[in-house]
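The whole structure should be built from the sequences, with the hints applied where relevant.
Line by line, the protein sequences give chains A and B.
Heads up: the first sequence begins at 2 in our numbering, then just goes up one per residue.
Heads up: the second sequence begins at 102 in our numbering, then just goes up one per residue.
Mixed in with the good hints there might be a few duds.
Covered stretches of chain A (chain B as the covering partner; in silico rule of three or more C-beta atoms under 8 angstroms from a C-beta of chain B) [unchecked claim]:
1. 84 to 90
2. 102 to 116
Which chain B residues stay away from chain A? Per the calculated CB distances, all over 10 angstroms, these [stated by the list, open to error]:
3. 119
4. 139
5. 219
6. 222
7. 223
8. 235
9. 293
10. 444
11. 458
12. 475
13. 484
14. 486
15. 488
16. 545
With beta-carbon atoms standing in for the labels, derived distance ranges [stated by the list, open to error]:
17. B:211 <-> A:175: 23 to 29 angstroms
18. A:227 <-> B:211: 35 to 41 angstroms
19. B:300 <-> A:175: 19 to 25 angstroms
20. A:173 <-> B:147: 39 to 45 angstroms
21. B:230 <-> A:179: 34 to 40 angstroms
22. A:178 <-> B:302: 29 to 35 angstroms
23. A:94 <-> B:292: 34 to 40 angstroms
24. B:147 <-> A:217: 49 to 55 angstroms
25. A:243 <-> B:302: 51 to 57 angstroms
26. B:300 <-> A:18: 46 to 52 angstroms
27. A:217 <-> B:254: 56 to 62 angstroms
28. A:75 <-> B:117: 57 to 63 angstroms
29. B:211 <-> A:161: 25 to 31 angstroms
Think of the hints as simulated: they come from the structure by calculation, not from any bench.
The beta carbon of each residue, even a glycine, is placed where N, CA and C say it ideally should be.
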Amino acid sequence: MTAAAVDFRGVSFRHADGTPVLDGLTLTIAPGEVVALLGRSGAGKSTALRLVNRMLLPTGGSVMVDGRDTRSWDPIMLRRRIGYVLQDGGLFPHLSVADNVGLVPRLEGWLQADVDARVRELLGLVGLPPERFASRWPEELSGGQRQRVGVARALAADPPVLLMDEPFGALDPMTRAELQQETAQLQQRLGKTILLVTHDVEEALLLSDRICIIEDGKLQACVAATAFDKADDPVITALRDARLRDRTR
Amino acid sequence: MDVIRFWLDHRAEVLALLGQHMLLAGLSTLVAAAIAVPLGISAAHRPRLSAPLVGLANAVQTVPSLAMFGFLLPLPLLGGIGSRTAIVALTLYALLPILRTTITGITGIDRSVRDAGIALGMTPRQLLWQVEIPLAIPSIVSGMRIAAVVAVGSATIAAAVGAGGLGEYIYRGLAMVDTTVILAGAIPAAALALLVDLALWWAQRRTTRRHGSSSLRVPLAIAGTCGALLLTAWAVLSWRATDVVVVGSKNFAEQLVLAEIVAQTLERDAGMRVDRRLNLGGTLICDRALLAGDIDVYVEYTGTALTAVFGQPLGTSRAQVTGTVRELYARSGRTLLPPLGFDNTFAMLVRGADARARGLQTIDDAARESPGWRAAFGYEFLDRPDGYAGLAKAYGIRLAEPPTSMDLSLTYRALASGQVDLIAGDATSGLIRALDLVALEDTRGYFPPYDAVPVARSESLRRHPAMRRALEGLGGRITAAHMREMNHRVEALRQPPADVARAFLAGEIEPR
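Pasting the structure below:
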């Protein structure tokens, strides 16, 4: 069996003031697996993501990436092989679309011609024709377009792992559905290891192989997406009921 | 209209002063930016540093300009008479706005943008140069805009330390009590401030629009060029020819005339090249400048030297005062030359109409009337040991309200127009006659003698024996009557001090 892509081993995190956020989180993510972290706001989902790329270090336990403790990773090296998609795209307002997407390759010292080619390829991949979008500014884009650029930027240096923090949360339902579909197709082609934070059950079901529910800093349940409808774990059934109520309303 | 004629008549000078003004304001803003931007950036990353730093810059800004000059003048490298001191002072004043906007520019960056930079694997340095600084530039430029406009306005004080600029006209106009000359400096200074504001507003708008990765290259190139210019300018400003004698003066009409008489005598009789640093902002600045070697000679008054320069108790015997002052100057490497021949004592002045109506002749008479009076004095007179406090005690003066302090030249007008009832002027002022004022007699002998006398650096006199001979030749030549007439010509008839001095040296001034 190959090593886990990301492995949380009894991970705890508390703020400097002592407020606990995560408590004994244990979760193993295999290469190429897509795991959705589901839970209320403030449950500790985003903190879990930030522990993976060492924007935070655990106060207890350890997070392993590619079999190595994040504490022993050089943070810059680690982050350059982990793509990160933020809720509102997190685009740099002073850089054009092309410069946003080409940022990591440039930091990695690619030749400009290679960067340009990669930017064109990625913009095509996320459905933004390069000839129309490469030289635009982030403020000239719609929310959905900004999010596509954010995804392209995260994929730019072809990182094996992708972190997505409520990537489609700020979009209108139509655009969200469209982007979710496209992301699912993209994932089929690229086969990345993805850790997705969301509070949208539909999104989790559509995109992920496994759904994990976090409440109050603890992992409550994990279930394969295909088994979601049949699982008898009370946490899952509660979620399922809520979903049904939403649908019938 | 007079102003326009004045500009046309003084075209070359106006342009030179305007150029100096722009140089002073521009350099100080750039130096301030070079200091405040890096400081602001590090403060933005260390919140604990930021509050004390802004507090310090705040405190610096509250230091009055003349006090600032007083601190700076004796400092090596930074101080001295001329542009350097002015630029340092203006720079200190410009720090605060740039520091503030730099800090807010960096700390105001959207958290998700900074997070994105970190998450994409930017090193702290890459984050700073590629994200934080480019995004903070519009804010930094807005701070520079405030700083530059303030610098253009406050560069007028540079004339107080002989740094030139448009303040030269304002000070000269105040000294000569000539509104036209004041406006000749004030109008272009105000116009320049508006223009700078407009230009930087435009720059601010341009930087606010997105300019891609080139957005940092342009400001950096500009900063580099400015830095090179700065060093050149500094070198030029620090340079001083060795064979030139520098004559200084304080900022009122009599001093300008006396400095011109000294300067023209040195040029004519000693055949020397003379640099004029006139209109310096007061006794303290002249003294510091002489001590530091920024000027070689200026005309001081013995009583002023005794009390204001050396802080000695009042003495009233002429021989004793002159002896003490000569001795004290000699100890600090300076030489008192023979007195010019007149005593410019403080004159307590009232309106002629009041004096006639109430029979006011002596300061005692004024003390009697003082409970219903208001008074205005020059800044120095309020602080000097031979100034108002001692006078009030000696004569028992009690005013209706504490005296107002204002520019010495303005007090004459304030008295004549009835806004105040008592001022302390110069006994030799030409305005006493022009404005129908009356000097009250100092029957109790409160004021020490104020014999006008050139003070020179002993080293300069040793180096130029002809300079000593020429200055000694002026001894006893100028009577109080001569001086009153010359002051009258400058203050009331608005003749240029240089012309009046030339007329005196040619023997064309009738004593009166």
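Structure-based check of all given hints:
1. Proximity of the region 84 to 90 of chain A to chain B, defined as three or more residues with a beta carbon under 8 angstroms from a beta carbon of that chain, is established by the 4 residues found.
2. Three residues within the 8 angstroms Cβ limit are the bar, and the region 102 to 116 of chain A against chain B gives 3, so the coverage statement holds.
3. Every CB of chain A is more than 10 angstroms from the CB of residue 119 of chain B (nearest about 37 angstroms), matching its label as outside the interface.
4. Distance check for residue 139 of chain B against chain A: the nearest CB is about 20 angstroms away, which clears 10 angstroms, and the non-interface claim stands.
5. Chain A draws residue 219 of chain B into its interface by the beta-carbon criterion, the shortest separation being 6 angstroms against a cut-off of 10 angstroms.
6. In this structure residue 222 of chain B is not separated from chain A by more than 10 angstroms, as the shortest Cβ-Cβ distance comes to only about 3 angstroms.
7. The Cβ of residue 223 of chain B does not lie farther than 10 angstroms from every Cβ of chain A; its closest approach is about 7 angstroms, which violates its non-interface assignment.
8. Residue 235 of chain B, annotated as away from the interface, has a beta carbon of chain A within 10 angstroms; the closest lies near 5 angstroms.
9. Listed as a non-interface residue, residue 293 of chain B keeps its Cβ farther than 10 angstroms from every Cβ of chain A; the least gap is roughly 32 angstroms.
10. Distance check for residue 444 of chain B against chain A: the nearest CB is about 70 angstroms away, which clears 10 angstroms, and the non-interface claim stands.
11. The Cβ of residue 458 of chain B sits about 75 angstroms from the closest Cβ of chain A, beyond the 10 angstroms cut-off, so the non-interface label holds.
12. The claim that residue 475 of chain B is not at the interface with chain A holds, since no C-beta of that chain comes within 10 angstroms of its own (minimum 60 angstroms).
13. Chain A leaves residue 484 of chain B outside its interface by the beta-carbon criterion, the shortest separation being 54 angstroms against a cut-off of 10 angstroms.
14. Residue 486 of chain B, annotated as away from the interface, keeps every beta carbon of chain A farther than 10 angstroms; the closest lies near 59 angstroms.
15. Its beta-carbon lying about 59 angstroms from the closest one in chain A, residue 488 of chain B satisfies the requirement of being farther than 10 angstroms from that chain.
16. A cut-off of 10 angstroms between C-beta atoms confirms that residue 545 of chain B is not in contact with chain A; the least separation is 74 angstroms.
17. Distance hint for residue 211 of chain B and residue 175 of chain A: a CB-CB separation of about 26 angstroms, consistent with the stated range 23 to 29 angstroms.
18. For residue 227 of chain A and residue 211 of chain B, the hinted distance range of 35 to 41 angstroms is satisfied, since their beta carbons lie about 39 angstroms from each other.
19. Between residue 300 of chain B and residue 175 of chain A the beta carbons are some 47 angstroms apart, a value that contradicts the proposed interval 19 to 25 angstroms.
20. Taken as a hint, the range 39 to 45 angstroms holds for the pair residue 173 of chain A and residue 147 of chain B, whose Cβ atoms sit roughly 41 angstroms apart.
21. Between residue 230 of chain B and residue 179 of chain A the Cβ separation comes to about 37 angstroms, which falls inside the hinted range of 34 to 40 angstroms.
22. At about 46 angstroms, the beta-carbon gap between residue 178 of chain A and residue 302 of chain B misses the expected band of 29 to 35 angstroms.
23. Taken as a hint, the range 34 to 40 angstroms holds for the pair residue 94 of chain A and residue 292 of chain B, whose Cβ atoms sit roughly 36 angstroms apart.
24. At roughly 35 angstroms, the beta-carbon separation of residue 147 of chain B and residue 217 of chain A lies outside the given 49 to 55 angstroms, and the hint is violated.
25. About 55 angstroms separates the C-beta atoms of residue 243 of chain A and residue 302 of chain B, a value consistent with the hinted range of 51 to 57 angstroms.
26. Here the CB-CB span from residue 300 of chain B to residue 18 of chain A is close to 48 angstroms, well matched to the stated 46 to 52 angstroms.
27. Checked against the hint of 56 to 62 angstroms, the C-beta distance between residue 217 of chain A and residue 254 of chain B comes to roughly 60 angstroms, which is consistent with it.
28. For residue 75 of chain A and residue 117 of chain B, the Cβ-Cβ distance of about 60 angstroms falls inside the hinted range of 57 to 63 angstroms, so the restraint holds.
29. For residue 211 of chain B and residue 161 of chain A, the Cβ-Cβ distance of about 29 angstroms falls inside the hinted range of 25 to 31 angstroms, so the restraint holds.
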